[in-house]
Amino acid sequence: MKEKKISFQAFICISILLIFVIILENISMIFPSLPQIFAPTSPLFTVLKKAAVYSLVAVSMNLLNGFTGLFSLGQAGFMLLGAYTYAILTVPSAMKEQVYYLFGGCAFEFSLLDMFEGIFGSAGFGGAVSMILACLIAIILAGCVAGLFAYFIGIPVLRLKSDYLAIATLGFAEILRAIFQWQKLGKVTNGANMIKGFPTFSSFNITDASGNTVLRLSTFVPFLISALCILIIVLLIHSSYGRAFKAIRDDEVAAEAMGVSLFKHKMLSFVISSFFAGVGGALFAMYVANAQAKAFTSVMTYEILLIVVIGGIGSVSGSVIATFLYVACSEWWLRFLDSEQYVGAIKIPLLRNGFRMVVFSVVIMVIVLFFSQGIMGNREISIGALFKKRTPRAERKQ
Amino acid sequence: MSEEVLKIADLQVSYGGIEAVRGISFDVKAGEIVTLIGANGAGKSSTLRTISGLVKPASGKVIFDGEDITGKDPTAIVSKGLMMVPEGRRIFPNLTVLENLKIGAYLRKDDLESDIERVYGYFPRLRERSWQEGGTLSGGEQQMLAVGRALMGRPKLLMMDEPSLGLAPIVVQDIFEIIRQIHAAGTTVLLIEQNANMALHVADRAYVIENGKIAMEGTGSELLSDEKVRAAYLGTTAN
Ligand SMILES: Nc1ncnc2c1ncn2[C@@H]1O[C@H](COP(=O)(O)OP(=O)(O)OP(=O)(O)O)[C@@H](O)[C@H]1O
Ligand SMILES: [Mg+2]
Chain A
1 MKEKKISFQA FICISILLIF VIILENISMI FPSLPQIFAP TSPLFTVLKK
51 AAVYSLVAVS MNLLNGFTGL FSLGQAGFML LGAYTYAILT VPSAMKEQVY
101 YLFGGCAFEF SLLDMFEGIF GSAGFGGAVS MILACLIAII LAGCVAGLFA
151 YFIGIPVLRL KSDYLAIATL GFAEILRAIF QWQKLGKVTN GANMIKGFPT
201 FSSFNITDAS GNTVLRLSTF VPFLISALCI LIIVLLIHSS YGRAFKAIRD
251 DEVAAEAMGV SLFKHKMLSF VISSFFAGVG GALFAMYVAN AQAKAFTSVM
301 TYEILLIVVI GGIGSVSGSV IATFLYVACS EWWLRFLDSE QYVGAIKIPL
351 LRNGFRMVVF SVVIMVIVLF FSQGIMGNRE ISIGALFKKR TPRAERKQ
Chain B
1 MSEEVLKIAD LQVSYGGIEA VRGISFDVKA GEIVTLIGAN GAGKSSTLRT
51 ISGLVKPASG KVIFDGEDIT GKDPTAIVSK GLMMVPEGRR IFPNLTVLEN
101 LKIGAYLRKD DLESDIERVY GYFPRLRERS WQEGGTLSGG EQQMLAVGRA
151 LMGRPKLLMM DEPSLGLAPI VVQDIFEIIR QIHAAGTTVL LIEQNANMAL
201 HVADRAYVIE NGKIAMEGTG SELLSDEKVR AAYLGTTAN
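So the protein lines, in turn, are chains A and B. The letter at position 321 of the first sequence is residue 321 when you use our numbering, and the numbering goes up by one with no holes. The letter at position 181 of the second sequence is residue 181 when you use our numbering, and the numbering goes up by one with no holes.
Among these hints, one or two may not hold up.
[Unchecked claim] As a list, the in silico PhoX-like pairs of lysine-lysine whose alpha-carbon atoms are at most 25 Å apart:
id, chain 1, residue 1, chain 2, residue 2
1, B, LYS7, A, LYS264
2, B, LYS61, B, LYS80
3, B, LYS29, B, LYS56
4, B, LYS72, B, LYS56
5, B, LYS156, B, LYS56
6, A, LYS264, A, LYS161
7, A, LYS196, A, LYS294
8, B, LYS228, B, LYS213
9, A, LYS4, B, LYS109
10, A, LYS161, B, LYS213
11, B, LYS29, B, LYS213
12, B, LYS7, B, LYS29
13, A, LYS5, B, LYS109
14, B, LYS213, B, LYS61
15, B, LYS56, A, LYS264
16, B, LYS61, B, LYS109
17, A, LYS264, B, LYS80
18, B, LYS56, B, LYS213
19, B, LYS109, B, LYS7
20, B, LYS109, B, LYS72
21, B, LYS156, B, LYS80
22, B, LYS109, A, LYS264
23, B, LYS56, A, LYS161
24, B, LYS156, B, LYS72
In short, the hints are calculated from the structure, not lab data.
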């Protein structure tokens, strides 16, 4: 009964958040005199989109690191798989010639987008349906490909001690990045060049016949998909599987003695985490409007790991909050540190290109050293302070 | 009282080159409390871990409920109704008391309410603390939780590895009282103890393990009055 009440409240909160995002995105169209920050080109929306994507990846990493006690460093690799799967499946065949011009076209003619446009038409409402279906299926397949690879890595590695997983996944991600840049595979991966021309977040903006935007949805879409995926992860964590994951994290031997199959549950957690990293990769490709192997470096994995640590290992809400703060800092709030600034006629010392990263590193070091629990520790934000206060007492009474 | 729940035949366990258990045979009959006593490093815990599938034996047989379970994995063994309270409690520190109990019944798909009530009946303190994290319980409470967690699996045979370890004498008595109650309610118990005095008093039968072998066996009262046992494990000599 308690569980149901919480899921209902979570559902309401997510709906409110999504509606708020739509309003925020479109408010500058209704009131053109609003400050620059509400304009579609403002960094606010870049941050929101990127953070929506990253928060899913961070939560998926937390599922593995924070809730199952397995340490994987393959996030970027699984994102890469997701990004390429999504891109290859959705680039319209008409575009392929042009995208793969260095390799004389793509070996893979099929496009989900073309397929659905063949059924529902490519214009107006039918076009929208085709695009939504194509994107949705491509995103799910992106997750599946990542999950499948995780499964094959897991078979040998998850039987060993946990430390090996970090090494194996890190190596896997690096090898994958090299393979995807290999010219011999150019007809599929476009070599070291980027794949573009597939539907992005902006493709979801609704336009009228003359091409003017009537309703912007380009921030709403990543929020929607991320929120749904995070919700699924949270439900998993609260299920009996999630309890078994946490038991394994706390004490492997005791969990095994209680009949929890270590291999099966570690595999489950690893595959699901990688699935959502793959989905995150597809979303990332939509965000940057291209898929390119060299974007998915181990630096990206460390960035996400850092977010998880800052947010609190074992806290989903912590990961989400930390993502938004981290992305806002790196993409927006600390930008001013990178350009020379003057107070009156005096130039502020130290401010020059690259200084932002110095400050950023120091801030992160301070957080990791002095607040090793992260923002949230392993607690969660519960919805409504009132609710939070009432729960323990009510439970104790029964 | 004659049906054998557990039968161990010539069990050998080694870690790398070290032989920890060197050919142990014993049995536990339905409705009994059987205890294994022995010095540190005698191989008691190794025997239990092997029975529950956490360690694979070098040779020998483990028959549970008429079925050969030698070398099976712990999941299969637990699902047959053999639960263990591991040495050193090993409760899950970041899970709440209630979650700890539910993990004990992880392989069961039926309703847990009545079992949770039963465990809270044995250990009322756990009910008061059902939302507390396991790691914040006192040592005694953690031991209660470890026993409760194993009971959640509705074991036919409950194996306990030193349930009195590190507990104050008064709490030890409580734990032994609970063991009696659990036994009276129909659960067969295999008990490992350092506290030989208490163990021999509750046990129907007992085995003394020395250097990985059975050195002596008999009923609880027989061993209690045995000279050698008194000298070696009870710290008293006859007079
Ligand atoms: N994982 C292991 N690797 C190597 N040796 C081990 C391992 N586990 C136990 N041993 C060794 O096996 C022997 C028996 O250990 P065991 O834990 O079974 O003793 P015990 O009878 O339970 O002792 P105690 O009463 O101190 O708990 C010891 O010499 C111990 O060092
Ligand atoms: Mg022992």
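So, going through the hints one by one against the coordinates:
1. B/LYS7 x A/LYS264: Not satisfied, since the Cα-Cα distance of roughly 30 Å exceeds 25 Å.
2. B/LYS61 x B/LYS80: At roughly 17 Å apart (the allowed maximum being 25 Å), B/LYS80 and B/LYS61 satisfy the hint.
3. B/LYS29 x B/LYS56: The hint holds at about 23 Å.
4. B/LYS72 x B/LYS56: holds, 8 Å
5. B/LYS156 x B/LYS56: Roughly 22 Å between the alpha carbons, so the hint for B/LYS156 and B/LYS56 holds.
6. A/LYS264 x A/LYS161: Between A/LYS264 and A/LYS161 the Cα gap is close to 15 Å, so the pair holds against 25 Å.
7. A/LYS196 x A/LYS294: holds, 14 Å
8. B/LYS228 x B/LYS213: holds, 16 Å
9. A/LYS4 x B/LYS109: Distance of about 20 Å is within 25 Å: holds.
10. A/LYS161 x B/LYS213: With Cα atoms ~32 Å apart, A/LYS161 and B/LYS213 exceed 25 Å; violated.
11. B/LYS29 x B/LYS213: Holds, because 20 Å separates the two Cα atoms, which is no more than 25 Å.
12. B/LYS7 x B/LYS29: holds, 9 Å
13. A/LYS5 x B/LYS109: holds, 24 Å
14. B/LYS213 x B/LYS61: Holds, because 15 Å separates the two Cα atoms, which is no more than 25 Å.
15. B/LYS56 x A/LYS264: Cα-Cα ~19 Å, so holds.
16. B/LYS61 x B/LYS109: The hint is violated at about 30 Å.
17. A/LYS264 x B/LYS80: Given that 25 Å is the threshold and the Cα spacing comes to 19 Å, the pair holds.
18. B/LYS56 x B/LYS213: Holds, because 18 Å separates the two Cα atoms, which is no more than 25 Å.
19. B/LYS109 x B/LYS7: Distance ~28 Å between B/LYS109 and B/LYS7 Cα, so the pair is violated.
20. B/LYS109 x B/LYS72: holds, 21 Å
21. B/LYS156 x B/LYS80: holds, 8 Å
22. B/LYS109 x A/LYS264: Roughly 18 Å separates the two Cα atoms, so the pair holds.
23. B/LYS56 x A/LYS161: Distance ~18 Å between B/LYS56 and A/LYS161 Cα, so the pair holds.
24. B/LYS156 x B/LYS72: holds, 18 Å
In the structure shown, a violation is registered for the earlier hints numbered 1, 10, 16 and 19, in ascending order.
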